[in-house]
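A.B. asks: So the chains spell out like this:
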Amino acid sequence: MPVNETTLASQVFDQLQQAMACDPDGFMELYRDYLADAWHALRTLRDAAQLQRADDVRANAHHLKGSSMVLGARAVAQCASALEEMGRNADVQGAGAMLERTRQALQEVQSELSRRLGAAVVPGDKTAV
Amino acid sequence: MTTTPIRVLIADDHPVVRVGLRNMLQADSLVTVVGEARDGVEALELARRLRPDILLLDLAMPIVAGMEALREMTAGSLNTRTIVLTGLIDNRQILEALQLGARGIVLKDAAVEHLSQCIRAVMQGQYWLEGRPVQNLVHVLRDLTAQTAPPVRKTFGLTARELEVVTLITEGCTNKDIAKQFGISEETVKRHLTNIFNKLGVGNRLELALFALNHDLLPTTEGK
Numbered sequence: 000m001p002v003n004e005t006t007l008a009s010q011v012f013d014q015l016q017q018a019m020a021c022d023p024d025g026f027m028e029l030y031r032d033y034l035a036d037a038w039h040a041l042r043t044l045r046d047a048a049q050l051q052r053a054d055d056v057r058a059n060a061h062h063l064k065g066s067s068m069v070l071g072a073r074a075v076a077q078c079a080s081a082l083e084e085m086g087r088n089a090d091v092q093g094a095g096a097m098l099e100r101t102r103q104a105l106q107e108v109q110s111e112l113s114r115r116l117g118a119a120v121v122p123g124d125k126t127a128v
Numbered sequence: 000m001t002t003t004p005i006r007v008l009i010a011d012d013h014p015v016v017r018v019g020l021r022n023m024l025q026a027d028s029l030v031t032v033v034g035e036a037r038d039g040v041e042a043l044e045l046a047r048r049l050r051p052d053i054l055l056l057d058l059a060m061p062i063v064a065g066m067e068a069l070r071e072m073t074a075g076s077l078n079t080r081t082i083v084l085t086g087l088i089d090n091r092q093i094l095e096a097l098q099l100g101a102r103g104i105v106l107k108d109a110a111v112e113h114l115s116q117c118i119r120a121v122m123q124g125q126y127w128l129e130g131r132p133v134q135n136l137v138h139v140l141r142d143l144t145a146q147t148a149p150p151v152r153k154t155f156g157l158t159a160r161e162l163e164v165v166t167l168i169t170e171g172c173t174n175k176d177i178a179k180q181f182g183i184s185e186e187t188v189k190r191h192l193t194n195i196f197n198k199l200g201v202g203n204r205l206e207l208a209l210f211a212l213n214h215d216l217l218p219t220t221e222g223k
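Top to bottom, those sequences are chains G and F. Heads up: the first sequence at position 22 corresponds to 21 in numbering that gives the first Met the number 0, and the numbers run straight through without jumps. Heads up: the second sequence at position 170 corresponds to 169 in numbering that gives the first Met the number 0, and the numbers run straight through without jumps.
These aren't lab readings, by the way, just hints derived from the structure by calculation. Please note: incorrect hints may appear among the correct ones.
To be verified - For the chain G half of the interface with chain F, some residues (derived, Cβ under 7 Å), not all of them:
no., residue
1, V11
2, Q14
3, L29
4, H61
5, G65
Claimed, not checked - Stretches of chain F that chain G covers, calculated by requiring three or more beta carbons in the stretch to come under 8 Å of a beta carbon on chain G:
no., stretch
6, 20-28
7, 104-117
These figures come from a predicted structure and were not determined experimentally. We treat Cβ as the ideally placed atom computed from N, Cα and C, and that holds for glycine.
Using the sequences and the hints, build the whole thing.
C.D. replies: Pasting the structure below:
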């Protein structure tokens, strides 16, 4: 089944994997850390949106966007960018739908990474939020 | 013949980003990562201490933001060349970064594709923007300046005083109010209004106010 490039950009994944060919455990750890951090960011974003703390939404979304861009998780990065914009505009009323899209996008990234790297890439404390 | 590796300092507050970038760059035999900074202050300290050839600088960092760090880097006497690494950047920020001494700008989602090329280009004395080396920085700066400059306010031949009168009319001021504000007679205000009506082809104050709103004749207000 072809990989959805929006979920996980192959070029980014492949080049990083090639760059870290001598350290496959480190490569796995990099993506596991990304997933753990991303799920944590999503929980924090949800809390911030519920409390209408727009600046926290902006900051956490920016954080999630940066790592997602660098590691090729483009759909997550796009969702995070939209949330960042909501936070910047101090308008997080509609953040709920975007948070759900972010969760779905992140779940797809995790599934794709599991397929490629095995179940060990899923962080231990991860539970879908 | 051996080539001295290009010494790079990474500054980004996100650990996953730093690890990702470090590993990307370590695959390049011509590049060596000499340090990593978590915020703007640490970036400046490490830059002074390690004297890297290249500083990869995230713009949105805690304590001292990237632009401020860039300003301080440029003010110092370091030979380090700075490449801004960012999630999203508009023309105004690009212009500001270049004016503050940045030599390249790379989007984070293009880091894998472009970062090594960008570092090489910058080390060769070139600038790097929008995924390619810049041949003529003067043209780029001129274009960016034009794109970010506020639009020129049309005046339709009105004098500065007449424009001030228009502004006050749209705020609902009477001739008496205007006369008082400018320290002139009501007759003079009427004369200004007649001239304004003739120049703009409007017949009354309401038409004048609508014309002013529709043709951006009013001064822009900060923060509006």
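A.B. asks: Against this structure, judge whether each hint is valid.
C.D. replies: Taking the hints in turn, this is what the structure says about them:
| no. | hint | verdict |
| --- | --- | --- |
| 1 | V11 | holds, 5 Å |
| 2 | Q14 | holds, 5 Å |
| 3 | L29 | holds, 5 Å |
| 4 | H61 | holds, 6 Å |
| 5 | G65 | holds, 5 Å |
| 6 | 20-28 | holds (count 5) |
| 7 | 104-117 | holds (count 6) |
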